[in-house]
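Next come the chains, spelled out residue by residue.
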Amino acid sequence: MPVVGKTISVSDYVIRINRVLHDDDPKFDAVPDTADTIAQYLFLFSMSAKPSDLDNVVDYPFEKANIWVQLKTWDAAAMQSVIDATAEYRRLHSTALDLKPAGIAYFNLVWNHEVLWDMVKGFLLALVVVLVILALDFGSLKWALVGYVPLLFTILLIYGVVGFAGKDFDMPISVLSSLSLGMAVDFSIHFISRLRQRLAETGADAGRDLSALKEALLWTAARPGKGIMRNAVLFAAAFSVMLFAPLTPYITVGAFIVSMMLMSALLTILYLPALIVLMRGWLFRTGRPK
Amino acid sequence: MMLLRQIAISLLAAAAAAPALARAAEPSADEIVSRSLESFYYAGNDMRTKVQMKLINPQGKVREREMTMLRINLGAAGDQRYYIYFHGPTDVKGTSLLVWKYPVKEDDRWIFVPTLRLVKRIAADDKRSSFVGSDFTYEDVSGRDLSDETHALVRKESLGGRPTYVIESKPKAAVDYARRVSWIDAERWLPLKEEYFDVRNEALRTFTADKVEQTGKHWTITARTMKNLQSGHRTEVVFREVEYDVGLTQDIFTERYLRDAPSQWVR
Numbered sequence: 009m010p011v012v013g014k015t016i017s018v019s020d021y022v023i024r025i026n027r028v029l030h031d032d033d034p035k036f037d038a039v040p041d042t043a044d045t046i047a048q049y050l051f052l053f054s055m056s057a058k059p060s061d062l063d064n065v066v067d068y069p070f071e072k073a074n075i076w077v078q079l080k081t082w083d084a085a086a087m088q089s090v091i092d093a094t095a096e097y098r099r100l101h102s103t104a105l106d107l108k109p110a111g112i113a114y115f116n117l118v119w120n121h122e123v124l125w126d127m128v129k130g131f132l133l134a135l136v137v138v139l140v141i142l143a144l145d146f147g148s149l150k151w152a153l154v155g156y157v158p159l160l161f162t163i164l165l166i167y168g169v170v171g172f173a174g175k176d177f178d179m180p181i182s183v184l185s186s187l188s189l190g191m192a193v194d195f196s197i198h199f200i201s202r203l204r205q206r207l208a209e210t211g212a213d214a215g216r217d218l219s220a221l222k223e224a225l226l227w228t229a230a231r232p233g234k235g236i237m238r239n240a241v242l243f244a245a246a247f248s249v250m251l252f253a254p255l256t257p258y259i260t261v262g263a264f265i266v267s268m269m270l271m272s273a274l275l276t277i278l279y280l281p282a283l284i285v286l287m288r289g290w291l292f293r294t295g296r297p298k
Numbered sequence: 381m382m383l384l385r386q387i388a389i390s391l392l393a394a395a396a397a398a399p400a401l402a403r404a405a406e407p408s409a410d411e412i413v414s415r416s417l418e419s420f421y422y423a424g425n426d427m428r429t430k431v432q433m434k435l436i437n438p439q440g441k442v443r444e445r446e447m448t449m450l451r452i453n454l455g456a457a458g459d460q461r462y463y464i465y466f467h468g469p470t471d472v473k474g475t476s477l478l479v480w481k482y483p484v485k486e487d488d489r490w491i492f493v494p495t496l497r498l499v500k501r502i503a504a505d506d507k508r509s510s511f512v513g514s515d516f517t518y519e520d521v522s523g524r525d526l527s528d529e530t531h532a533l534v535r536k537e538s539l540g541g542r543p544t545y546v547i548e549s550k551p552k553a554a555v556d557y558a559r560r561v562s563w564i565d566a567e568r569w570l571p572l573k574e575e576y577f578d579v580r581n582e583a584l585r586t587f588t589a590d591k592v593e594q595t596g597k598h599w600t601i602t603a604r605t606m607k608n609l610q611s612g613h614r615t616e617v618v619f620r621e622v623e624y625d626v627g628l629t630q631d632i633f634t635e636r637y638l639r640d641a642p643s644q645w646v647r
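Here the protein sequences come in this chain order: A and B. Using the numbering used here, the first residue of the first sequence is number 9, and each one after it goes up by one. Using the numbering used here, the first residue of the second sequence is number 381, and each one after it goes up by one.
Isolated chain A, as found in the complex:
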């Protein structure tokens, strides 16, 4: 199989001994024909410097053999193909064969099967729940949708970049995904509720009076917006330290949170007001409190 890099079994030892005993002649790169010869080779080996080497490939009474299969890649699909091939062999030959997968490729396989889909499901569910909670909090589905935009764009952009860069949806990213939802939506909730509070205080008719809306937006961007930017920059700066970590997962987490913070803040301060201005007719006609 092309995904398999190397196999090690007792036959490798036997072949090697055969060749060495025949003055390193490549003609003898083979398993000898008789069981007695093989037994005597292994016996010879058991008298050598490190007989315990054999313990990795045969059990103590020479009843069971072990074949090591090493994969060239950590890819879960490679592991799956080896598992399938073993199952197929076991179906065709009735041997007492036992496959014990291990290592990173197997971990990735289990991860994909067991954990990843649950993570993705949880993530999608969280997206829906966040929208519902926004709608309840704002008392308006329209405002909830508008407030949802910075979150959605941040998530789409970041995962787009992750996918485009060819990085796998691995453990740190999937763990962060649910976390990121809360962080990304935080700023827009803040922004929208302060804006609506301001509009209510000044009693401006934002639906018709564009300048009043602009004034309220400018106030929100200047006052609570300053706090939002400070918050984002502070968080981004703090987490950017992780970019210099020696471990890749740390770098991933650092880069993820830094970009998440900055993008959701920028989208909230720049994109959200623009959206509110553009959609003011639709937003303020109905669903406006009081």
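Treat each hint with caution, since some may be false.
As the list claims (entries may be wrong) - Taking beta-carbon pairs under 10 angstroms as the criterion, some of the chain B residues facing chain A (in silico): (1) Arg-443; (2) Arg-445; (3) Thr-448; (4) Met-449; (5) His-467; (6) Pro-469; (7) Val-493; (8) Pro-494; (9) Thr-495; (10) Lys-500; (11) Ser-509; (12) Val-512; (13) Arg-614; (14) Val-618.
No wet-lab data here; the hints were simulated from the structure. All residues carry an ideal CB built from backbone N, CA and C; glycine is no exception.
Given chain A, put chain B in place with the hints provided.
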């Protein structure tokens, strides 16, 4: 005055007698070890025995070896030759091993692989390497040299009803153990127990003489165990049909007989 003189005389007598008594009762450590090596490894001019060896791993799984061992002593320098023929396991029957042991330098070793009818000289760069995969080293089987270690008599004590000298030996050159304590039978001179320790003073291996029998004038350890305390692996060895001075000749210990076992001795 009278009393004083009596005391002085008795003190004098005691002072004179004490070293003489000590000498008679306690030979030096080197003498004890030397006699032990002599009794353990050099008994008779030659020896023939059947050897049954069980290698037992920590899980209790067993590998067995059945062999005939022939030994001959050559001269006063301490040179010896060993011929070992494997009767079993059956699929390795006929495999045989020849060791020419020199006390002052590394052994010469050859092995015969019967299916290939091939005699192969095997690397013998370390007397401390395992003997046929067991917990015994080549040196444990054929003996080490008195001068390889420094010896000190620690105490005398009774072990399993036998009087013993307890000797502590430290190798002069760096080897796998840093210290060895031996309980040597004070009358038969055989080691009844040995404990090996590493540089951190942790126990490495323990040798026990499980059965000691007399054959003619020689005492022989006919059952022994070497246990590796760090791996949990152990080796049990039983000698049967032990015979001394049977009249082995030097030519048996050559490549010719390695290829073709001397049927008079190997049965």
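To see whether the hints hold, each was checked on the structure:
1. Arg-443: OK, holds: Arg-443 (chain B) within 10 angstroms of chain A, min 7 angstroms.
2. Arg-445: holds, 9 angstroms
3. Thr-448: violated, 16 angstroms
4. Met-449: At 15 angstroms from the nearest chain A Cβ, Met-449 (chain B) fails the 10 angstroms test, so the hint is violated.
5. His-467: This hint is violated: His-467 (chain B) lies away from chain A, its Cβ roughly 13 angstroms from the closest one there, beyond 10 angstroms.
6. Pro-469: holds, 7 angstroms
7. Val-493: OK, holds: Val-493 (chain B) within 10 angstroms of chain A, min 5 angstroms.
8. Pro-494: Check passed: Cβ of Pro-494 (chain B) comes within 7 angstroms of chain A, closer than 10 angstroms.
9. Thr-495: holds, 4 angstroms
10. Lys-500: Where the cut-off is 10 angstroms and the nearest Cβ of chain A is about 7 angstroms from Lys-500 (chain B), the hint holds.
11. Ser-509: Hint holds; Ser-509 (chain B) Cβ to chain A Cβ min 6 angstroms, cut 10 angstroms.
12. Val-512: holds, 5 angstroms
13. Arg-614: Violated, about 13 angstroms.
14. Val-618: violated, 20 angstroms
In terms of the numbered hints stated before, the structure departs from hints 3, 4, 5, 13, 14, listed from lowest to highest.
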